[in-house]
Amino acid sequence: MSATLPLPIIAHGAAPARGLAHAWRIACALLVADLRQRTRSLRFWIVALAITVAGWWCLPPVDAGYMIVAIGDHHRGFYSSAWIGMVLAMMSLLWGLVGFYLVRGTVQRDFETRVWQLLGTSSMRRSAYLLAKWASHVAVMGGLLGATLIVGLVAQLVRAEDRHVDLWELVKPSLFIALPTLAFSAMLAIWFDVIPLLRRTAGNIAFFFVWIALLTTGPAGIQHDQAARAADAVAPIEQPWTSDLPAMRVMQWSIEHQVARGLPDKTRLEGFCIGCGGTTAPAARFAWTAWEVRGAVLWGRMLWLAAAIAGVLLAVPLLDWAAARVAAPSAAGHQRAPRSLRWLRALLRPLQGTATGALVAAEVLIVLRMRPLWWWAAWLPLWGLQLFGPRHAVALAMLGGWTLLLDVFSRTGLRDREHRTLDLVATAPGAHRRLLLARATMAIGLAWLAVAPGLLHESFAHPTMTTAAVVIAASIALWGLASAALTRSSRPFELVFIVVAYATTQGAHWLDAGALGNGVTLTHLSGIALAAAILAVSLRVDRPGTRRMP
Amino acid sequence: MNKTCLPAWLVLDGVSFAYGRGPAVNQSLNLTLGPGIVGLLGPNGAGKSTLMRMLATLARPRSGRILWRGTDIAREPDALRATLGYLPQDFGVYPALSAREFLTFLAAVKGLPSRAAAGRVDECLAQVGLLDVADRALAGYSGGMRQRVGIAQALLNDPQLLVVDEPTVGLDPAERLRFRHLLTELADERLVLLSTHIVSDVEASAAALVVLQGGRIVFDGTPQALVVGARGRAWDWTIAPAQLAAARRNFVVSQSMHLGDSVQLRVLGDRPPGAGAVPAEPSLEDAYTDLLARATTSPSDRVEAVA
Chain P
7 MSATLPLPII AHGAAPARGL AHAWRIACAL LVADLRQRTR SLRFWIVALA ITVAGWWCLP
67 PVDAGYMIVA IGDHHRGFYS SAWIGMVLAM MSLLWGLVGF YLVRGTVQRD FETRVWQLLG
127 TSSMRRSAYL LAKWASHVAV MGGLLGATLI VGLVAQLVRA EDRHVDLWEL VKPSLFIALP
187 TLAFSAMLAI WFDVIPLLRR TAGNIAFFFV WIALLTTGPA GIQHDQAARA ADAVAPIEQP
247 WTSDLPAMRV MQWSIEHQVA RGLPDKTRLE GFCIGCGGTT APAARFAWTA WEVRGAVLWG
307 RMLWLAAAIA GVLLAVPLLD WAAARVAAPS AAGHQRAPRS LRWLRALLRP LQGTATGALV
367 AAEVLIVLRM RPLWWWAAWL PLWGLQLFGP RHAVALAMLG GWTLLLDVFS RTGLRDREHR
427 TLDLVATAPG AHRRLLLARA TMAIGLAWLA VAPGLLHESF AHPTMTTAAV VIAASIALWG
487 LASAALTRSS RPFELVFIVV AYATTQGAHW LDAGALGNGV TLTHLSGIAL AAAILAVSLR
547 VDRPGTRRMP
Chain V
2 MNKTCLPAWL VLDGVSFAYG RGPAVNQSLN LTLGPGIVGL LGPNGAGKST LMRMLATLAR
62 PRSGRILWRG TDIAREPDAL RATLGYLPQD FGVYPALSAR EFLTFLAAVK GLPSRAAAGR
122 VDECLAQVGL LDVADRALAG YSGGMRQRVG IAQALLNDPQ LLVVDEPTVG LDPAERLRFR
182 HLLTELADER LVLLSTHIVS DVEASAAALV VLQGGRIVFD GTPQALVVGA RGRAWDWTIA
242 PAQLAAARRN FVVSQSMHLG DSVQLRVLGD RPPGAGAVPA EPSLEDAYTD LLARATTSPS
302 DRVEAVA
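Those protein sequence lines, which keep their order, are chains P and V.
Start counting at 1 in the first sequence, then tack on 6, and there's your number in the numbering used here.
Start counting at 1 in the second sequence, then tack on 1, and there's your number in the numbering used here.
Since the hints were made in silico from the structure, they are not lab data.
Heads up, a few of these hints could be off.
Claimed, not checked - Heads up, incomplete: computed chain V residues facing chain P, CB under 10 Å, no partners named:
hint, residue
1, A83
2, L85
3, Y87
4, A97
5, V110
6, N158
Unchecked claim - To be clear about the criterion: a stretch of chain V counts as covered by chain P if any three or more of its residues have a C-beta under 8 Å from a C-beta of chain P, and this derived list gives those stretches:
hint, region
7, 51-60
8, 112-120
9, 131-142
This one's a predicted model, so the numbers in the text were calculated from it and none came from an experiment.
Ideal placement from N, C-alpha and C gives every residue a C-beta, glycine not left out.
Bound conformation, chain V alone (with noise of 0.2 Å):
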């Protein structure tokens, strides 16, 4: 992602992974990113929690450089962690301590002054909403509040590149809502990548997306160009539902809805799927769909024959 009017803070330089001698898992990765949020989406196993876990420096690149404001982080892990904020997909708490315990040790481990620590432990636990039962024992949070507990550790170094992976999984819908005015309001002076496969997510609070698949880069831009990029190309079509199997079979479809008698199919591609196919603006969910179809088949592998 080339901004040339923003600082390149981030840059990918021909990244790839794999674990052992096993097929890579990314490859060929080339970025430019400054500050602001970017989304980064892709379906399961598309690399993106090993791309996460480059750039939070816990595994290193088999080929290629990651340089965080010129400094290859796989040389210099330290010059990135100072600076560095990671939630990670999955991690776990002391449950022996209370909230605020637990994030004052986890200040403690970042290297954050003593006196400093217990001011910004509370700021982050505000942060979050944790700071009416900081003191209570982690082992009595539900999942939700210990993913709040892991956003607030992710801040605690006021971090300027902010990792989070899978921040809204096991999150009810007020607190993902939460979470994503938490990440505007902390993208202004940040660089936040953002890693999910929840599209609304992305939609809500990113200004640039990366989208992986099979461990490669298929889409570097704006969500805008991604859904510009799919006009002409969504279909509203409403049929039978004898015959949704086959549509499904037959074409993209990235939505439906039954509606009594008929089904209403939201159907993506080239040309209209069927008789009363109508165009329709995508939605950036359709315009992911579209891609990754795209990325995966080629369109004479598709039959067009239903009504």
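Chain P with its partners taken away, still in its complex shape (with noise of 0.2 Å):
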């Protein structure tokens, strides 16, 4: 017998709502259930709390030892509504790095869960979609910037350089040069999510340098205005209204207006710094009381936020063809197909005579299976360098091929995870006690093969840096699945990865294997110490059958 029964039509020849009105409540639909899905994660309130802890330690007291933003070489304004507003601000072009790792993703989570099945067969418009996910994204990270005001307002209270409160004055920098830098890296973070090849691990890494090279134009900026002044001999009358993505040019000449040109010495208050660190004397004061701003510099900073928007909307093309393009890790018929690498598997057979064996091939072939074509060229000038190359550029190049694997290192702690295959491998018995043994090994197999060509150039001449290449390999490697067993995201080890790699290249000495002395291995040493204690805690807390919920 079978139930053929006609189903009731409800709204019977109600058309379909359309118009302005109906795409608006579709984007407030949307952007609050995102709001909500983001908000309802543990992660979220961890990050909101470390932002809002380092917003207080951005605003140290005079005798701190040390400065997050100062104008030249010490100088800070008194702890007034607007200084605090200012630094605040300054800061953002921070915040839209680290806020951007935090929000990206929720587009490509639409497509993977296949939620977007549900969203792009309805009568929601393309455009009103990614307009709500850009707007979510501002809406967390101008809540979080919005926490960060607050502890501003207790730290002018509790520092009580000047206890006046002016509540404009605090929210004017944010709203009119944090809020467009913020808005502008969510549109980035839209985009990230849209195109497939940045969905991943090669996205946070792009991003990066991206966001390097935005910040970038701000010097650029400055530099163009004092090389102007010298010709001239004179300064520019009015503020630029045109401004680089973080400000810095507009704060720069607020600076020098505001400030320099009522002390005599203005070659002491020339550029600032943000970052600035260590200080060896107290910090110099100086009264802002308001930020003087031309409305016309007000209105050229929300054109960041009209190219966020128009950005955003560039997108809307695109969200079809990428919807189609899901590169879930569990999806069916997923991406492209995985080289047979018969080769590899030859190599791999003689560990196959153990289950742990057999476990740390099976890790290396999934790994490496689904790897590109120009991933394994760009080995070939990686190791050229390093079998060939002089030391400096040997340490380089091991930095290039970390970074290669960098997603191995970050992700294979979550790949149970990302296939769906947790329930699989956690009702064995030892099953992690097994595959981390397993992954701990293959990662740190590869990333010691990443540099085995330097290894192999500079061991006779320069053991120490073998000895440190050795070292920060392990430490990488351990860290990478540390940082997973912690978080359960890749992204803050990624984030950390490719800062301190960048730092390294800038002449820091974190990952550089070429460094002199010993101190970076023993850094590292400590380091893997304390990421396998990491990691051995977590084989208990992590334990299945200990977990409630499923």
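Please assemble the complex out of the two chains, which come individually in their own frames, going by the hints.
This is the structure we're talking about:
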């Protein structure tokens, strides 16, 4: 017997709602749902707490021994509402970076969870969908900025340098400096979800360099102004209405005209630093009770907001194309066909003799089979440099090798969640311990293999460099796993790695195997011990069967 | 389910479960199970999958105990895991691996000796009919083929307790039939717990039946006992199509079939629904529907006037 009953028709004859009001209602519903989804995760609140704590650290007392935002060498304003607002707004170039990694992924999540199939077949406009996602990004980042402003207000009262509260002056820099910056970052987060190639680790790496490139437009604008002034010996009378994304040029102009003009030695106040670090002298302070800014400048800042919205709308035609290119690891009909890599299977055959060896071999195949051709090709120059380059180039090529393996380090610990195989493996006795051992062995092995030519090259000439590379490689591999165990996300490790790697290329020694002395090696040995401890604890905490939630 | 003639392998003793501080999903479950196929039926949200996850050691009961051959599996999960096969309702695979490689990987995860693993993997692949395509990457497998890989992995360690959660979802009729036969073959010396909402799956293979509703056990016995309990409560009733809506509103209708100018209904209840209704032999599906209806609605709530 089969049921072939007619279904009742609801709202018979009613046409589907259309128009701007309908689009607005849908956008609001999407925004609310998106915000609910985000704010109901523990990770969001941990990041929010971290950012508010960071906001407090940005406002140290006068004798703290460090400064986060300073004018000239060690000058800053008295902690008035206006100066605190300015400091927190200037930090937006960092919030925009961190915020990107926090907010990105919601469009991708809709694709991967197939929620898009429900949304995309409704009467919803694609533009309303993307604008709602963007607004949600901005709301999250703006909310965190708002939290730092509250912290700033508390700091103003606690530091008690200027207790007169002026809420407009507190908020004004955030509205006109920070908000457009964050909005632009939010727009980029949409694009990095839409373009399949940028959805995962490659996008997380690429964004860092995009952001650095955007930031360099600030100093470039300032240098241009200074060069023009030197040539004419006259400062521009009017504040420039155009600005770089983080508004460094606007801030520089304000500093020169609001502070430096009143002081005899202007050169001491030229330029400013963000994230200055330790200072030897106590902060020298000046009065900053209001940010003097022309209306045209504020409108100029709004251009960045408009650019962000335009950028979002530009992505609309690509949305359906992007949704069809779902790269969910567990999705049916997954991406490209994997390579068979018969040579690798032959190489790994000796490992198949033991259960642990078989696991390691499977792990290696899992991480290497889906690699595109360019990835394999990239090893040729890197290994060539390691084999034949000078010491400095060898160290850089080693760093490049680890960067190519970044997703292996950051995602291996998350694979069972991403591929939805957790229930399959977690019901086996001792599975977590066995898998962790295999994955750590695989990750460390690949990290060493990535620098093997360099190790060969330097083993006789610079044995300390060889030791350092071996230790750094193991440290990176273990910290990738430990970070995944701690945060259940690949992004924190990817962000930290790429920042540290970039700093290393700029002269820091954090990942520099070629650094003189044993300092780097000893630091990473401590790091290995700490990462191993975190992993050992995670084995106990995350033991299957101890979880209440499925 | 007290089977005095069979050994008690799995005992649920007052088992309850809740997510966080939320309401209980399972409440005071008591069961004693021995070897054979046990069907677990229940509507969506009845707590079947949660119970399955507890039995698979993936979730711990809030209260009560689950004993596998006398050992509390919340305290010593590995005692069960060594002999557990679990097919979750929803699972993924590593698309870069072939089925053989994936099963070899899982055999290693389950701690199977590497020498025995290769042979066992091929046996399991053969059992689910995937041996011919075992070296193809899983990325190219259809949904049904992936489901068969899931079944194969559950069999790798030759489990004594096989927990299968909605195993036939996504399978075509031929695959479903093959799976039912496979389950019957496997049931000789195992306890197979088959959770489903497809009554015909249970009818075809289960010797025992547990029905959950609202987190509680509302039936525990054999499928035949459930059918016997519904005897005298099933009626075949032919009505005009115009009366259909009222009939569905006022009676428990388990089946209906359009016959051109009339509709034949299978109605469940103490008394005939109206003139012309004739007693019928209830099927397991009728008995199951009747049981759920009785558990949720008292007869006095229903009005008996249609015709």
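Here's how the hints hold up against the structure:
Interface hint status for V/A83: upheld, as the beta-carbon distance to the closest one in chain P is roughly 5 Å, under 10 Å. Checking V/L85 against chain P: minimum C-beta separation of about 6 Å stays under 10 Å; hint holds. Annotation: interface hint on V/Y87 holds; nearest CB of chain P at approximately 4 Å, less than 10 Å. Given the 10 Å rule on beta carbons, the hint for V/A97 holds: about 4 Å separates it from the nearest Cβ of chain P.
Here the hint on V/V110 is kept, as its CB sits about 5 Å from the closest CB of chain P, short of 10 Å. A cut of 10 Å between beta carbons decides the hint on V/N158: the least distance to chain P is about 8 Å, and the hint holds. Only when three residues or more bring their CB closer than 8 Å to a CB of chain P does the claim for the region 51-60 of chain V stand; here the count is 6, and the claim holds. Note: the region 112-120 of chain V has 5 residues with beta-carbon separation from chain P under 8 Å; the three-residue rule is met and the coverage holds.
Using a Cβ-Cβ cut-off of 8 Å, 3 residues of the region 131-142 of chain V lie near chain P, which meets the minimum of three, so the contact claim holds.
In summary, the structure agrees with every hint in the numbered list given earlier.
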